[in-house]
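Peer 1: Chains as they are written, first to last, in our numbering: chain A, 15 to 129; chain B, -6 to 105.
Be careful, since some hints might not be right.
As the list claims (entries may be wrong) - Derived SDA-like pairs (lysine to any residue); straight-line CA-CA distance at most 25 angstroms:
1) A:K50 to B:G10
2) A:K50 to B:I94
3) A:K33 to A:S79
Since the hints were derived computationally from the structure, they do not count as laboratory data.
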Amino acid sequence: DTAVSQTPKYLVTQMGNDKSIKCEQNLGHDTMYWYKQDSKKFLKIMFSYNNKELIINETVPNRFSPKSPDKAHLNLHINSLELGDSAVYFCASSQERFGLDDEQYFGPGTRLTVT
Amino acid sequence: QQQVKQSPQSLIVQKGGISIINCAYENTAFDYFPWYQQFPGKGPALLIAIRPDVSEKKEGRFTISFNKSAKQFSLHIMDSQPGDSATYFCAASIDGGFKTIFGAGTRLFVKA
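Generate the whole structure from the sequences, applying the supplied hints.
Peer 2: What follows is the structure, encoded as structure tokens:
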């Protein structure tokens, strides 16, 4: 009964390859996110989707393309992987509740290593 | 203007002591200030949060103090326990929560 799940947990690949990370939430939330956490633990938002629509794109390179087939899924596809893409990628979800807690529920993360 | 500055970078506290982590922001449009706790190998999890119309919020051993005029907020962990050893992130969000800016994180170690 995992709330936010990501696959794979680990991903090791070579520069120039294309890879995808999948995310699913079973909380019935209408908003999903992708975050990148670098080696210094800095957590930076990449994308926000609300009801399958892109809301926030934080100047992420075009090589990163999120896709939301439905409200429960937000996948991240990365083209032409570079060394600097090595990081832990977290998916998160939340339910829009104005005036109340905007708690985000994070997945376990996907550790991407580009060699 | 979108940054959230967090200090200290790391903190060592004796068991039973008080842990204090501070954050500052610039953008007055931020309207939600959560603190997240992250254990190694796990995703962050919400610990406690506050809205700018409140100056303090307490949940168990965790208290947020919020100073709107100074644009600062802090997390106090009373009676710190070894199990509290983790990385703590302050954050601030706008746009109905769609955009959350995280501080750089504080690694807390509570000595037994």
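Peer 1: Would you pick out the hints that fail for this structure and give their numbers low to high?
Peer 2: 1
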